[in-house]
Amino acid sequence: MSLAAAREDRRRTVIDVNGVRLGGEFVVIAGPCSVESEDQTIRTAVAVKAAGAHMLRGGAFKPRTSPYAFQGLGLKGLKILDKARRETGLPVVTEVVDTRDVSWVGEYADVLQIGARNMQNFSLLREAGKSGRPILLKRGMHSTLEEWLNCAEYILAEGNGKVALCERGIRSFETFTRNTLDLSMIPAVHSQSHLPVFVDPSHGTGVLGLIEPMSLAAIAAGADGLEIEVHVDPPAALSDKDQQLTPGAFETLMKKAAALRAFMETLNSEDEVAGASPYGAAKDAFADWVD
Amino acid sequence: MIEAEQDSEDSQLMTLKDIREDIDRIDARILALLTERMERALLTRRLKEKVEDPGREAAVLGRVRRASRGVLGAEFSEDLYRRVLGEARALQARDPKTVGFHGEHGAYSEMAAWHWNAGTVGIPCREFSEIFDGVEGGLFDFGVVPVENSLGGLVGPVNEMLTETDLHVVGAVDMPVSHCLLALHGSDHREIRSVYSHPQALAQCRRFLARNHLDPVSFYDTAGAAKMIAQERAKGAAAVASRLAAGIYDLEVIKEDVQDAASNRTRFLVLAREAGEGPGNKCSAVFSTEDKAGALFRTLEIFARADINLTRIESVPKGPGDYAIFVDFEGAEREDRVKSAIEEAAAATREFRLLGCYEERKV
Numbered sequence: 001m002s003l004a005a006a007r008e009d010r011r012r013t014v015i016d017v018n019g020v021r022l023g024g025e026f027v028v029i030a031g032p033c034s035v036e037s038e039d040q041t042i043r044t045a046v047a048v049k050a051a052g053a054h055m056l057r058g059g060a061f062k063p064r065t066s067p068y069a070f071q072g073l074g075l076k077g078l079k080i081l082d083k084a085r086r087e088t089g090l091p092v093v094t095e096v097v098d099t100r101d102v103s104w105v106g107e108y109a110d111v112l113q114i115g116a117r118n119m120q121n122f123s124l125l126r127e128a129g130k131s132g133r134p135i136l137l138k139r140g141m142h143s144t145l146e147e148w149l150n151c152a153e154y155i156l157a158e159g160n161g162k163v164a165l166c167e168r169g170i171r172s173f174e175t176f177t178r179n180t181l182d183l184s185m186i187p188a189v190h191s192q193s194h195l196p197v198f199v200d201p202s203h204g205t206g207v208l209g210l211i212e213p214m215s216l217a218a219i220a221a222g223a224d225g226l227e228i229e230v231h232v233d234p235p236a237a238l239s240d241k242d243q244q245l246t247p248g249a250f251e252t253l254m255k256k257a258a259a260l261r262a263f264m265e266t267l268n269s270e271d272e273v274a275g276a277s278p279y280g281a282a283k284d285a286f287a288d289w290v291d
Numbered sequence: 001m002i003e004a005e006q007d008s009e010d011s012q013l014m015t016l017k018d019i020r021e022d023i024d025r026i027d028a029r030i031l032a033l034l035t036e037r038m039e040r041a042l043l044t045r046r047l048k049e050k051v052e053d054p055g056r057e058a059a060v061l062g063r064v065r066r067a068s069r070g071v072l073g074a075e076f077s078e079d080l081y082r083r084v085l086g087e088a089r090a091l092q093a094r095d096p097k098t099v100g101f102h103g104e105h106g107a108y109s110e111m112a113a114w115h116w117n118a119g120t121v122g123i124p125c126r127e128f129s130e131i132f133d134g135v136e137g138g139l140f141d142f143g144v145v146p147v148e149n150s151l152g153g154l155v156g157p158v159n160e161m162l163t164e165t166d167l168h169v170v171g172a173v174d175m176p177v178s179h180c181l182l183a184l185h186g187s188d189h190r191e192i193r194s195v196y197s198h199p200q201a202l203a204q205c206r207r208f209l210a211r212n213h214l215d216p217v218s219f220y221d222t223a224g225a226a227k228m229i230a231q232e233r234a235k236g237a238a239a240v241a242s243r244l245a246a247g248i249y250d251l252e253v254i255k256e257d258v259q260d261a262a263s264n265r266t267r268f269l270v271l272a273r274e275a276g277e278g279p280g281n282k283c284s285a286v287f288s289t290e291d292k293a294g295a296l297f298r299t300l301e302i303f304a305r306a307d308i309n310l311t312r313i314e315s316v317p318k319g320p321g322d323y324a325i326f327v328d329f330e331g332a333e334r335e336d337r338v339k340s341a342i343e344e345a346a347a348a349t350r351e352f353r354l355l356g357c358y359e360e361r362k363v
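Protein chains in written order, with the numbering used here: chain A, 1 to 291; chain B, 1 to 363.
Worth flagging that the hints you see were computed from the coordinates, not collected in a lab. Incorrect hints may have been included.
DSS-like, lysine-lysine: derived pairs with alpha carbons at most 30 Å apart [claimed, not checked]: (1) A/K79 x B/K362; (2) B/K235 x A/K76; (3) A/K83 x A/K241; (4) A/K130 x A/K79.
Heads up, incomplete: computed chain A residues facing chain B, CB under 10 Å, no partners named [what the hints assert, rightly or not]: (5) F70; (6) Q71; (7) L75; (8) L78; (9) K79; (10) R100; (11) D101; (12) G106; (13) E107; (14) D110; (15) S131; (16) G132; (17) G206.
Quick reminder that beta carbons are idealized off the backbone N, C-alpha and C, glycines included.
With the hints as extra help, turn the sequences into a complete structure.
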């Protein structure tokens, strides 16, 4: 492994997605778990944009635990996301589950997400690498950091440098939460790799009341951004109804996040003065731009 | 899930759904043929004395009766055709203006004709020469032809024909061309391998096709490709054509705006036998110059001195060392400076011909 590993000069990767700089600024990706309808998607997109989100998420292809559960709208879902992007200007992040879909999803979306269940789907990783599109690579629920970074390596090895990682919780013996959100991965990724690392507290906890505190904890730990599920009407959602925030709750979270980030900046600048910042805030000085 | 299994086991037997799909396909063909029949009927109006022709109608009804067999009763066929002939007569009496255009219904040229005049009836033509001949011979009232595209440059054969025709330019439409990838409803877009369209449209989508591992296959027309996909029920195939074509041939728009460049515009000219009425805002002319130094420059200088903005200058080879020069310029013939510039240019060149002064519409 060499392409994903931290560089000697500590330069970090910054990925430009239509003006949103993954790794270069704090980025919040928000939106519904699944694209269910044009109305639901566009209303959610407008709401998350108003609350300050930088990108829109939404699944058109859903890898579900049960084959009988809602599998996503497919192509129709992609067209709806495209429309939501045109209406709000938010770049779109959406999951790709099938190698045959990679190029097509790339026609509609700005960032392709590879989900936890597909993290080690190596043919999908290679195809994602060949597409040249920015990739958000989620951590597999049973994967070690090394395995995770090796999967990023598959994409990088195809000549696609636009990879961002996303911690979304791992399986543990705890059943109160859906997964155990492993926030230690944020500083760990920053020490071992130059790639940006996001946190998904929605899947990471699966418990509505834990999303806000874990989002704030992720910010405190230095995450490059958050991916949060928001739905205009969570009880009516076709998937993940128990972990999607209302637009109101998301707005509250965004306000607290802004306040915490301002505070964190003051801590980091003290670090810099003392020369003690290991992976501090002045990222631009070390940035390696990938366009 | 159980139902799906049963369906696949009895795959040899036609289901109600299969048969109804066939019926829908047949209806689509009947309607397309009826449209074509009405268009032909409309064209006969220009070639006969008056609308009514009882002898011809009796011959058609007689043939229809004789050709009715099996489940199709002669009475029914005759009734149906009386309705068809009645509609054809009504159409001829209404006598809408016809416009010959290149390609099948849903072609960009037909869209341009509608932008120019929404009340016209488009008549599909296979060749550009059919349009010129049809207008010259009085079969069509107008013809619409593409002359230049922002990506593909000038449309060669059309410009050659324009140098030789006696037709007048009576209108122009400058229109954005947005290509769509079209396939049968319900088909899996991931199974698409071949994409049919006019070579110029395919060239404009080259990078999109390459990214998605699609093989381009040349076809004589964009809308014609869409029609073929719809009629053949072609699996694993798609067409690059207009959104209008998707509606006409009942195809699904897999992806809009598949052209590589953000801006893709085509300019169309509307042709007629007689010069257009109304002042217009644009003129087109064609001429040749002496084969000597500065000849073209001195001609263009006439327009520059008159402060007339030339919007297009194109040269079309006519023979070794001989070129036809096309110029389009802003202005109306009735303006004095335009009129005198035209007279001066006509005197300074060979075979100067004003193709027309017309209204150009930018969509």
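Results of checking the hints against the structure:
Our distance criterion of 30 Å between C-alpha atoms is met by A/K79 and B/K362, whose separation comes to about 29 Å. For the proposed pair B/K235 and A/K76, the alpha carbon gap of about 19 Å is at most 30 Å, so the pair holds. For the suggested pair A/K83 and A/K241, the alpha carbons sit about 24 Å apart, so the restraint of at most 30 Å is met. For the suggested pair A/K130 and A/K79, the alpha carbons sit about 23 Å apart, so the restraint of at most 30 Å is met.
For A/F70, the interface hint is violated, since its Cβ never comes within 10 Å of a Cβ in chain B; the closest pair sits about 15 Å apart. Checking A/Q71 against chain B by beta carbon gives a least distance of about 13 Å; that is not within 10 Å, so the hint is violated. For A/L75, the shortest C-beta to C-beta distance to chain B is roughly 6 Å, which falls under 10 Å, so the interface hint holds. Taking 10 Å as the C-beta cut-off, the interface hint given for A/L78 holds, the closest approach to chain B being about 9 Å.
For A/K79, the interface hint holds, since its Cβ comes within 10 Å of a Cβ in chain B; the closest pair sits about 8 Å apart. Restraint check, A/R100 versus chain B: the minimum CB separation of about 4 Å is within 10 Å; hint holds. A least Cβ separation of about 6 Å between A/D101 and chain B falls short of the 10 Å threshold, and the interface hint therefore holds. The restraint placing A/G106 at the interface with chain B holds, with a minimum CB-CB distance near 7 Å, inside the 10 Å limit.
With 10 Å as the threshold, the beta carbon of A/E107 comes within range of chain B, its nearest partner Cβ sitting at about 6 Å, so the hint holds. Hint status for A/D110: violated, given a least beta-carbon distance of 15 Å to chain B, over 10 Å. Because the closest C-beta pair between A/S131 and chain B is about 8 Å apart, less than 10 Å, the hint holds. Hint status for A/G132 relative to chain B: holds, with the closest Cβ pair at about 9 Å, below 10 Å.
Because the smallest distance between the Cβ of A/G206 and any Cβ of chain B comes to about 28 Å, over 10 Å, the interface hint for this residue is violated.
Checked against the numbered hints above, the structure violates hints 5, 6, 14, 17; every other hint is satisfied.
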